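Please construct the entire structure, taking both the sequences and the accompanying hints into account.
The sequence shown lines up with residues 325 to 396 when you count with our numbering.
Just so you know, the hints here were simulated from the structure itself, not pulled from any lab data. Take the hints with a grain of salt, since some may be wrong.
Simulated restraints on C-beta separations [claimed, not checked]: (1) S355 / L384: 23 to 29 Å; (2) I389 / P334: 30 to 36 Å; (3) E363 / I335: 31 to 37 Å; (4) F337 / H365: 21 to 27 Å; (5) S332 / E363: 44 to 50 Å; (6) G377 / R341: 21 to 27 Å; (7) L381 / V360: 20 to 26 Å; (8) I335 / A362: 38 to 44 Å; (9) L354 / L387: 29 to 35 Å; (10) L384 / D329: 22 to 28 Å.
In this text the structure is predicted, and so the values were computed from the model without any measurement. Don't be surprised by glycine CBs; every beta carbon is placed ideally from N, CA and C.
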Amino acid sequence: MGGTDYFSIPIFFIIFRETTEAAIIVSVLLSFLNQVIAEDHAMRRRLSRQVWGGTLLGLLISLAIGAAFIVI
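Right, here's the structure in full:
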């Protein structure tokens, strides 16, 4: 692999697998919230925001660590 190779098939499949797994986990969490807290709309909305906030925070931390590895 040279210095100008920006695309790698094995890395693509690893990232694709991990992204699919994360999407499944988030969808299961949101589905669980909809089934368990069906009556209390305000609580369900608050907890759904926390799930999405945690997802976004995890993505940002992952990008920051990835950027740090690229710089180093």
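Hints, verified against the model:
| no. | hint | in the structure |
| --- | --- | --- |
| 1 | S355 / L384: 23 to 29 Å | holds, 24 Å |
| 2 | I389 / P334: 30 to 36 Å | violated, 20 Å |
| 3 | E363 / I335: 31 to 37 Å | violated, 45 Å |
| 4 | F337 / H365: 21 to 27 Å | violated, 40 Å |
| 5 | S332 / E363: 44 to 50 Å | holds, 49 Å |
| 6 | G377 / R341: 21 to 27 Å | holds, 24 Å |
| 7 | L381 / V360: 20 to 26 Å | holds, 23 Å |
| 8 | I335 / A362: 38 to 44 Å | holds, 41 Å |
| 9 | L354 / L387: 29 to 35 Å | violated, 22 Å |
| 10 | L384 / D329: 22 to 28 Å | holds, 26 Å |
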